[in-house]
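First to last, the sequence lines map onto chains A and B. Heads up: the first sequence is residues 1 to 115, going by our numbering. Heads up: the second sequence is residues 1 to 113, going by our numbering.
Keep in mind the hints are simulated off the structure, nothing from the lab. Since the model is a prediction, treat every value here as computed from it, not as a measurement. It is possible that part of the hints are untrue.
[Claimed, not checked] Below are the SDA-like pairs computed for lysine to any residue, each with C-alpha atoms no more than 25 angstroms apart in a straight line: (1) B:Lys-9 with A:Tyr-39; (2) A:Lys-102 with B:Val-113; (3) A:Lys-58 with B:Thr-98; (4) A:Lys-102 with B:Asp-30; (5) A:Lys-49 with B:Lys-9.
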Amino acid sequence: AQSVTQLDSQVPVFEEAPVELRCNYSSSVSVYLFWYVQYPNQGLQLLLKYLSGSTLVKGINGFEAEFNKSQTSFHLRKPSVHISDTAEYFCAVRRSNFGNEKLTFGTGTRLTIIP
Amino acid sequence: DGGITQSPKYLFRKEGQNVTLSCEQNLNHDAMYWYRQDPGQGLRLIYYSQIVNDFQKGDIAEGYSVSREKKESFPLTVTSAQKNPTAFYLCASSISITGNTIYFGEGSWLTVV
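Isolated chain A (complex conformation):
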């Protein structure tokens, strides 16, 4: 089975500063990786996903993530954050060769933007 770890439960960042939200996964086989964002009292929205190909993945709202197989990481980055980025961010993983396997989610990182 696979697992995913988000080490930072809360990350405060000043507005217009860069941010990195960390995600590490554990799997003995190839994986698909995802980042979702959840605004207060809402469902989850897909930010970006890595399935194959280029290890640098660009998503919506100016976010990007880099898949690092040797470090089993998929950290999410944004060069300059805005107040509207305040939300909870979830990393998720699924083994790529197991067609009907469900996503495994991390415990989430709450990003707070300080004006």
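Starting from the structure of chain A, add chain B where the hints point.
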């Protein structure tokens, strides 16, 4: 607009009562899911359905039941056997069980009073 509709948004339940959360999708997706979200624990899968008239238990199915009589509908019943039902419940769907993008509804808050 296509999407997933959950209702009600807020629901209060007395101890010992069963309650049903509605989930409807008009995305023509075969697969549907129910997740429970608790603070600091991320999302945990309760039940999922690959196709009409089929459903499977997820990681925390005890105290819950589902049905999938129509493709677009996947209601979740929280029974009195669920000892700690207060949580945020999320319904989701994907084009198929192997689909790589899962779409979520807006969620339903259930509180036991």
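Hint check:
no. : hint                     : verdict
1   : B:Lys-9 with A:Tyr-39    : holds, 15 angstroms
2   : A:Lys-102 with B:Val-113 : violated, 33 angstroms
3   : A:Lys-58 with B:Thr-98   : holds, 23 angstroms
4   : A:Lys-102 with B:Asp-30  : holds, 14 angstroms
5   : A:Lys-49 with B:Lys-9    : violated, 28 angstroms
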